[in-house]
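S.K.: Residue numbers (my numbering), protein chains in the order written: chain Y, 1 to 304; chain E, 1 to 280.
In case anyone wonders, no lab produced these hints; they're calculated from the structure.
Since the structure is predicted, the reported quantities are computational estimates derived from the model, not experimental observations.
Treat the hints with care, since some could be wrong.
[What the hints assert, rightly or not] Distance windows between CB atoms, simulated:
(1) 102/E <-> 109/Y: 47 to 53 Å
(2) 114/E <-> 82/Y: 17 to 23 Å
(3) 250/E <-> 112/Y: 40 to 46 Å
(4) 124/Y <-> 35/E: 41 to 47 Å
Even for Gly, the Cβ is constructed at its ideal location relative to N, Cα and C.
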Amino acid sequence: MRKAFSETLYECAKADSEIFIVVADISPAGAMVKFQTEYPKRFIDVGVAEQVMIGIAAGLALKGCKPFAYTIATFALYRAFEMVRDDLGYQNLPVTVVGIGAGVTYSVLGGTHQAMEDIAIAGAIPNMQILAPCDPLECIDATRYCATQQKGPIYLRVAKTGEPTLTENAIEPFIFGKLRYLRRGTDVCVLSYGVVVKLAIQVADRLQTEGKSVSVVSCHTIKPLDRGGIEVALRNHHQVIVIEEHVPQGGLAPQTKQIAWDTDAQCVLHTFTLRDEFIHNYGTHDDLLAAHGLSIEHIMKIVS
Amino acid sequence: MVVDTLGSTRILIDITAAKRRCNKFRRRILEVSQQVQALHIGSAYSCVEIVDCIYFELMQSGIGGSSPDTFLLSKGHGCLIQYVVLEELGVLARRDLDLYCTPGGRLGVHPDYGNPGITASTGALGHGLSMSVGMAYAEKVKGGKGLVYCVLSDGEVQEGSTWEATMIASSLGVNNLIAFIDNNDLQALARISVSLPSFYPVADKYSAFGWEVVEVDGHDSEAIYNAVASRRGERPLMVVCKTVKGKGVSFMENEPIWHYRSPSPVEYQQALRELEKAQA
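Throw the hints in and build the complete structure from the sequences for me.
M.R.: Dropping the structure here:
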């Protein structure tokens with residue numbers, strides 16, 4: 001996904017001289033080397049200094065540039081939170097904060113490097129938009145949106161590298177602010193975003209072997225959330241399942257429950273999130289998710 | 001215009017006019033202070049000459065009254081001085097200041113981006129220098145000739161984010177950035193020299209980070225002007241301005257209470273008399 005991001009940003013930057021990237025001692029790798037070589041003035045490495053990374057990005061935007069601020073999600077969003085809130089959110093500047101290794105994808109780095117609450121934190125800021133693509137292809141679309149919009153700040157939640165492609169056969173294209181059906185069924189709808197859409201697809205496959213007709217949705221735009229789309233999904237399926245790599249508060253799961261309550265939804269609604277606990281396990285990304293109940297076995301026990 | 005010993009020319013400022021303006025601004029701030037409570041009058045008074053010099057002596061004028069230069073007040077709590085200067089320049093209307101901090105008005109205790117003449121929303125300390133570095137850098141990359149002027153408080157220099165910006169500024173080569181510290185040595189709670197003596201010497205810290213540094217009397221308009229006009233210009237410039245909090249009104253000077261307080265009607269009259277006397 002990082003590679004898809006850097007390739008796309010490089011392509012966008014070739015066409016638009018207002019695109020800058022400010023990094024804090026970490027490189028998006030891939031095509032970013034080309035970006036840095038060809039446009040050295042538009043590549044700024046501030047060192048390990050996330051607050052000034054956001055402040056400089058804000059200053060660039062105040063002069064009409066389209067900056068991307070890029071580093072590990074916890075540092076980009078948590079360390080520099082007040083800069084993200086005041087400089088970007090309050091001033092409503094079109095800066096994209098790219099948080100990499102979001103969720104618990106840094107599965108051996110420990111809790112200091114795991115952004116389990118990033119959606120709640122970014123989502124609490126007025127004017128902030130949040131995009132969480134599920135695979136490298138969707139990351140291309142999301143990055144293009146970020147590079148061309150002028151509406152305000154965006155938190156772009158990116159995983160790391162080597163994620164599988166999930167959307168090559170999607171029945172719908174990426175449209176900012178809209179749910180994206182990757183497949184469409186009539187009985188069950190699995191809503192998810194980010195790289196755990198992979199797990200959502202596994203759940204859907206399993207339910208289909210049980211004879212159910214299943215929709216799978218990539219809810220890539222977490223803010224503004226497609227409330228109308230979720231209302232329709234709740235109305236048109238007997239069962240809705242939310243799978244989310246995020247703590248239980250402030251993410252897609254509680255918002256879906258809220259919409260279900262507000263619209264008097266009649267379906268069965270199951271939500272699966274990380275627990276409200278720090279993770280002290282190490283292993284693969286799947287191992288960490290499983291430690292908090294985000295595994296095919298656990299989910300199937302409850303939903304089938 | 002004079003020729004100095006090195007043979008270069010300098011334009012000396014009209015010091016009488018500067019003094020007259022600054023006195024007028026202090027009186028206008030006093031007037032506004034009768035409308036609402038809590039306005040950081042002492043913080044505004046300590047940087048009157050600095051802000052006046054930037055707007056009236058240093059910033060270039062451009063087409064249609066706009067300037068290619070940028071001014072950012074990082075010490076947003078002192079923004080009454082910026083408001084009254086913008087009023088003088090016709091950027092803000094008298095009505096804007098009449099409605100200061102009231103329903104229906106658009107000016108609050110801290111400057112808000114989007115209001116006329118306001119470059120960025122500040123007030124939360126430690127944000128302005130980073131944004132100024134970003135703006136100065138953008139200006140250079142885009143080939144603009146504009147300078148970026150940024151005024152910091154000495155209290156906000158204690159923020160770690162300010163030091164991140166200090167370190168990166170010279171590395172990025174933003175020699176079009178000119179910053180000022182309003183060094184009145186008096187923050188909300190205490191004297192810096194007493195509570196945080198390691199703050200000093202402050203100028204040396206900026207030199208160590210690759211800045212060009214000058215120390216001046218921050219109430220001497222000519223000294224402020226010359227510090228900028230005679231800079232070498234290869235690196236970002238920090239003008240450390242020694243100032244007095246509450247400068248211009250005897251009972252406000254160096255009194256921490258005037259960080260927050262508005263004058264009572266009696267204090268207002270007394271302050272006005274002092275300023276009128278100084279003007280005469």
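S.K.: Now tell me, hint by hint, if it's right for this structure.
M.R.: How the hints compare with the structure:
no. : hint                        : in the structure
1   : 102/E <-> 109/Y: 47 to 53 Å : holds, 51 Å
2   : 114/E <-> 82/Y: 17 to 23 Å  : holds, 19 Å
3   : 250/E <-> 112/Y: 40 to 46 Å : violated, 54 Å
4   : 124/Y <-> 35/E: 41 to 47 Å  : violated, 34 Å
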